[in-house]
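> Read top to bottom, the protein sequences are chains A and B. Everything in the first sequence is counted per this note's numbering, starting at 1 for the first residue and increasing by one. Everything in the second sequence is counted per this note's numbering, starting at 1 for the first residue and increasing by one.
No lab work stands behind these hints, which were simulated from the structure alone. You may find that some hints are simply not true.
Unchecked claim - Simulated crosslink set (DSSO-like; lysine-lysine; CA at most 27 Å straight-line):
1. A:K13 with A:K57
2. B:K3 with B:K70
3. B:K16 with A:K13
4. B:K110 with B:K73
5. B:K16 with A:K57
6. B:K16 with B:K110
7. A:K13 with B:K70
8. B:K3 with B:K110
9. B:K70 with B:K110
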Amino acid sequence: KAGVTQTPRYLIKTRGQQVTLSCSPISGHRSVSWYQQTPGQGLQFLFEYFSETQRNKGNFPGRFSGRQFSNSRSEMNVSTLELGDSALYLCASSLTATSGNTIYFGEGSWLTVV
Amino acid sequence: AQKITQTQPGMFVQEKEAVTLDCTYDTSDPSYGLFWYKQPSSGEMIFLIYQGSYDQQNATEGRYSLNFQKARKSANLVISASQLGDSAMYFCAMREIGSGGGADGLTFGKGTHLIIQP
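Construct the entire structure; sequences and hints are all you get.
Spelled out as structure tokens, the structure:
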């Protein structure tokens with residue numbers, strides 16, 4: 001079956017712009033979470049959605065936001081981009097939002113802010 | 001304090017040898033899950049193996065096994081008969097279930113860069 005799909009794979013944005021990243025989870029999975037990976041900070045949890053509701057949020061400023069649709073697809077948005085937002089953004093999906101469910105990741109979206 | 005500690009920033013291993021990647025964790029939650037992921041240079045995070053805190057037996061998935069020592073808060077990944085394609089970054093991660101029953105996001109270690117030499 002199809003895995004977690006993220007689009008776009010690569011993008012370049014200018015400081016001050018905004019960006020929207022998309023994630024389609026594995027069919028049947030209702031929990032979607034987002035992570036940021038940078039060389040300096042490593043992998044950090046952004047937020048998690050389950051049944052269109054944000055369940056958890058990491059320690060990121062309000063410029064980072066997300067949403068989940070009724071078909072479980074999710075988008076994350078970063079407004080007023082800063083150079084430090086350059087990162088690999090990874091989306092993950094699982095059946096439900098409990099620790100007993102295996103979490104699968106997509107290939108990620110590489111964002112470069114110039 | 002770090003919740004996930006991976007003490008080996010890099011490792012060089014001969015092809016066909018077994019590899020053990022270290023991971024220790026810190027949590028006060030009795031219920032949690034431990035994960036290992038492989039990340040090649042392409043960036044995709046590939047799920048390898050999962051161990052629940054209440055699982056009695058060590059998890060195994062093909063050539064991967066998890067040496068789970070709960071009292072020592074250790075969850076080492078063992079790769080048997082290493083292959084050239086195993087060269088990648090490897091991340092240990094934990095997901096805790098809070099007192100309210102909901103699970104938190106994954107907390108990752110800093111990773112181990114494994115290089116398999118022919």
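> A separate judgement is required for each hint: does it hold in the structure or not?
Comparing the hints with the structure gives:
1. A:K13 with A:K57: Cα-Cα ~24 Å, so holds.
2. B:K3 with B:K70: Status holds; Cα separation ~14 Å.
3. B:K16 with A:K13: Violated: K16 of chain B and K13 of chain A sit about 44 Å apart, past 27 Å.
4. B:K110 with B:K73: holds (17 Å)
5. B:K16 with A:K57: violated (42 Å)
6. B:K16 with B:K110: Holds: K16 of chain B and K110 of chain B sit about 26 Å apart, inside 27 Å.
7. A:K13 with B:K70: violated (45 Å)
8. B:K3 with B:K110: holds (11 Å)
9. B:K70 with B:K110: At roughly 21 Å apart (the allowed maximum being 27 Å), K110 of chain B and K70 of chain B satisfy the hint.
In summary, the numbered hints that this structure violates are 3, 5, 7.
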